[in-house]
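Student: Protein chains in written order, with the working numbering: chain X, 1 to 122; chain H, 1 to 488; chain C, 1 to 680.
The hints are simulated quantities; they were obtained by calculation from the structure and are not laboratory data. It cannot be assumed that every hint is accurate.
[Unchecked claim] Derived DSSO-like pairs (lysine-lysine); straight-line CA-CA distance at most 30 Å:
| # | chain 1 | residue 1 | chain 2 | residue 2 |
| --- | --- | --- | --- | --- |
| 1 | C | Lys32 | H | Lys371 |
| 2 | X | Lys58 | H | Lys30 |
| 3 | X | Lys117 | H | Lys99 |
| 4 | H | Lys371 | X | Lys117 |
| 5 | H | Lys52 | X | Lys35 |
| 6 | X | Lys117 | X | Lys37 |
| 7 | X | Lys58 | H | Lys371 |
[As the list claims (entries may be wrong)] Distance windows between CB atoms, simulated:
| # | chain 1 | residue 1 | chain 2 | residue 2 | range |
| --- | --- | --- | --- | --- | --- |
| 8 | H | Ala479 | X | Arg54 | 51 to 61 Å |
| 9 | H | Cys26 | C | Phe74 | 55 to 65 Å |
| 10 | X | Ala80 | H | Ser64 | 15 to 25 Å |
Here the structure is a predicted model, which means the values were calculated and not measured. No residue lacks a Cβ here, since even glycine has one placed at the ideal position from N, Cα and C.
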Amino acid sequence: MNSYIPLLLLFLFGMILAGAFLALSHLLGPRRKSKDKNASYECGLEPSGNPHDRFSVKFYLVAMLFILFDVEVVFLYPWAVQFKEAIQSGMGSFFFSEMILFMVILFVGLLYVYGRKAIEWE
Amino acid sequence: MKQDLIYFLPELIVSITVLFLFLLDCFIGKRSRRIFPVIAFIGIAAMMLANKSSSPLPSARFFSDMMVFDHVSVLFKYIFGLAGLIAIVIANGSHELEKVDKANYFTLLTALVLGMMLLANAHHFLMIYLSLEMVSLLSYILTGSLQGSRRSSEASLKYVIYGGVASGIMAYGISILYGLTGSMTLTGVAEFLRMNAVSKTALYTSVLMIMAGFGFKVASVPFHMWCPDVYEGAPTPFTAFLSVGPKAAGFAVLLRFFFGALSQTTTSGIEPIKIIGLPALLGGLSIATMTLGNLAALQQKSMKRLLAYSSIAHAGYMLLALVALNAEAVTGVIFYLSVYLLMNLGAFLVLIIVGDQLGSEDISVFQGLSKRGPFAALLSIVMTVFMFSLTGIPPMAGFIGKFYLFGSVIKSGHYTLAVIGMLNSVVSLYYYIRVVKIMYFDEPVDGRNLTTPMVSHASTVFALALLTIYLGLFWNGLANIVGQAKLF
Amino acid sequence: MAEKLFSLIYLVPLLPLLGAFVNGAYAFSGAKLVRPFVHTIALAAIFIPFLITVGAFLHVTSLPEESRQVVVTFFPWLDVGSFKANVEFLIDPLSLTLMLVITGIGSLIHLYSVGYMSHEPSYARYFTYLNLFCFAMLILVMGSNVPMMFIGWEGVGLCSYLLIGFWFTDSAKAAAGMKAFVVNRVGDFAFIVGFLLLYWTLQSKGHATVQFVELRNAVTHLDGVMLGSFSLVTIVCVLMFIGATGKSAQIPLYVWLPDAMAGPTPVSALIHAATMVTAGVYMIGRMSYLFSMSPAALNIIATVGFVTALFAAIIGFTQNDIKKVLAYSTVSQLGYMFGAMGVAAYTAGVFHLLTHAFFKACLFLGSGSVIHAMSGEQDIQKMGALRKHLPITHATFFLSTLAIAGIFPFSGFFSKDEILWHAFNHSKLLWLIGVTAAAGTAVYMLRMVTLTFYGESRVSEEAMHHLHESPLSMTIPLMVLAFLAVFGGFLGVPESLGHFFGLHESNLLEHWLEPSLVFPKEALPMASHATEYFLMVFSLGIAISGCLIGFVLYTKRKDIPESLAQKYPKVYEFIYNKYYVDEFYKAVFVNNLLRLNDFLALFDQKVIDGIVNGTAYVTKIVAYVSGWVDRTFVDGLVNLTASVTSFGGIIARRFQTGRIQTYLYLALGAILVIVFYRFG
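Turn these sequences into a full structure, and let the hints guide you.
Tutor: This is the structure in structure tokens:
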């Protein structure tokens, strides 16, 4: 139990610090409102479109597909690390075929996505 | 490693089918959509054949303790396969699913079957979590497959949110259990708990939280609240499958968890870890589930919601087996699941046939069904069989199932529970028989007669009814097969 | 192969039952009639059993003689104390013989019916009943215990009623069916009493059983047991024989058979020639061990049998309906069979059963062919010279007539002769009656043939137009049966003749049936071979002269019968009206029964109803009070329980708010509550 105390302290400290920043800036800062300061921020550009407009779903699709294939790549890393050892211990072909199978399954998914025209932008 | 694949063969077959269906979807035009249910059907049928040929194999744990193979898993694969096959037949030709993209539906349904198989055979907690998520996610999608229907999307959304929270709680529970026992496998946990004592509170809480995930899948109190809304909103062919398949998978993993991780098999039978009072908890949960399911169903006007509550109640009966914790209980649950599969799918199929033609899913569509022509008269007889079976009236199969279930509870000495279970059966009689009554004693609201539906629907519904009656009279065959079930 | 067929023996009664069920459902459903469907199912349902029976027969012949009694159990049925009866079949020579008759001749008659009933609207119902009948009859002969045989016994009675009254819209025909059923019931009642008496006595002696195989030994313990001043065995046998007289139309319960001709002709052929009426003969053969113990009962049976044979033959002289002649001829021939059983010539009786099945079925089917050709005319006075128009029918009919008359070497000669030979050894008087009846048979049968097929044509104009030979479906059975009628006799060539041809053990049938039968202990001395030859020649001579007389009397010398009828009008009337037996029965039994009925009805109305009404009033008052109690308290309690439960339902429903947030809060809250409850 004792080893968790520092963690708890860290947690508390972080919360206090963040809270303090907010509270102090709210209490001590000047209160001068202006139209520009209250406008919404959009990386310095003019805000375009209604903030309540919905995003086109294609952004979501691309993001989702990116996550999927990104995680696939992530899985490749530990595999790659172990691969050299595996070759030396004679299990090389097995390792390789397993990863190929994994990628084939995901490739089928990619084909499906392609065939269903999900990655077309327009 | 290669030997492990033999155990995995049924799942492999289904996986290949799913992948094949995915690919096919890209390259097949709109007109040949009809081939998808056929391929799905063949795939699942091939799985069942592979299952049969792998059944004499001895029990084993494979894929480095991730999954387990034993006789119980064989039985469950049969149940899932049968549920899948019947679900495919039901969905094919259903009026409700006409606008739905068939390729999608059947591919995902097959993948759902795969998920269920993985869940029933999972041994490692991660695997359990993964397959539970697989089943849940696919269920979410299929629930919302009626595009353009507000109810369907709403049901799907509620399902997603609830399921997400439940999985989260379960994951937390798993992590606490891991922290306590240092093992992520069911047998590992059991071994640890046998040797060492752990904090009671922590163990109890973690078990309760893991129960959130399983209870959610199985729709037991207090994790059942999504059930009526989702069942009502999903397309009825899928609701039919949902009430049987994932529920069975949930019970499979419940059996594994409570018999495998939290019990020890001694010479005098199976004993739960005594320190934490699990029987009381499970008993309370099952009573609450049964009672709530039955009471809420009494006043329902929508047939789908009625069947939803009824499936909650049936889950309650089956939870009793976890309290009983003996070999007969395992047999009882599996037997009950098999007959429940038949009668529930049958009841839903009748609802689909009638609802497709009369355009509604209220109980009022059943009014005067027996007077709507010769086929409708036959259909009312079939529905009567299913209703009686669900109540548990001999000579239908439902009675035998309840008999085995309550028998195992009595054998373990929990007489009060058995009595409450039987009282609940009596309460359930009301709403089941109410359907029968309005079929025979009320007049139809309009004069339309029922025409015969597709051959596949008609023959399936009659086959299910005949099986229900047959198993109600000659259940020995099934009982023998199920009786050999041994966990691990 | 034969053994495999033998193992399918349970299909033999089961297939006709299934056929009846399918066709029955089809008929009942009111679906459109597709004749090929109906008759294919019905034919298969009787022909396949025939094939199986042949296979079983071949198998049994391959077994050694001692083990030719096989019991095949189907499933256990009754087991009450010492009364054990299973659904099981006794396959032995006796039952196989009858099974072959039933399925074989049954198949032929089914085939015949396809042609004969081709214009019948209730086609499916007909075949349903026909299949059902075959099922019942098979159960009767295959049953290995008395209850099963009795079920078949009753079953054939029922089916006979259904089939006789097939065209029930005609009230006369419906009445005929009713008559058959009621008369049968009288016999059945006697049968049951006899059987129960047997069983109780056996039980009191500690050998209770109802299985035929066991009864064989058990009844020996009844030797010498008396009931009153009569031997028990005799009483039992007589009672059971009365049952047989009902089923097999002997005096005094034969009156239904002539009326039964109201049914379709194939029905008459099957039921009233080949199978049902032979049930009585079978029963005696099956229980031969019992009957052999009582010479008194056997005597009664023999007397009744032979007297009936003569009695009915005389009536046959005067009948003008082609089927009625054959009906009385059946009664007469049955008399021979019982006569044979009565003189303990059991194999002779079964042999005559067999040959009679062949030629009588052929005769009936032939008469059906004639009726069919004559567009429904059944009066032989309106026929004549039909031989030119119906060649096949005529040929088969003629051959079967020769067979029934007992002309050598047709089948009837051998079987009838054996009976007469045994009768001679037993009692010369009985032999004399038998020979007279044989003479009579020859004469009246030839009378019928002559009036129908020979001489001048008395056919009406319109009937002439439709006169044509029957289709193949009807003539093939005729030919097969005629063949059997001609050559079937060689199954039972007596020893004395077989010697001539160097054949040792020429009486194949006798040899075959021996294991199933038990003969009386005191065997009668048989007269010499010489006497036997003499008797054979004598009866052959009688038969030939009878045929010639019959032929001549109704062609060249028609004046003789006419003048006889005129000279003795009263005698003629007496015989023509069947000795007024029906009228006698009606006056004595039926009318009195109806009067008793009326009296009882009146009694019931006045006296009994009066008492009942009085008590009813008192009960009403009591009921009112208890009803009030029931309504208020008991129903109140029940309704209270129901409303509480349904209120619970309403409350349970309220939880379902439809808002996902509520669901999640409740779930998490429940977890917390449980944990705190357990550990707080």
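Student: Hint by hint, say whether it matches the structure.
Tutor: Tested hints:
no. : hint                            : verdict
1   : C:Lys32 to H:Lys371             : holds, 22 Å
2   : X:Lys58 to H:Lys30              : holds, 23 Å
3   : X:Lys117 to H:Lys99             : holds, 20 Å
4   : H:Lys371 to X:Lys117            : violated, 51 Å
5   : H:Lys52 to X:Lys35              : violated, 75 Å
6   : X:Lys117 to X:Lys37             : violated, 44 Å
7   : X:Lys58 to H:Lys371             : violated, 53 Å
8   : H:Ala479 to X:Arg54: 51 to 61 Å : holds, 57 Å
9   : H:Cys26 to C:Phe74: 55 to 65 Å  : holds, 60 Å
10  : X:Ala80 to H:Ser64: 15 to 25 Å  : holds, 20 Å
Hints 4, 5, 6 and 7 from the earlier list are contradicted by this structure; the remaining hints agree with it.
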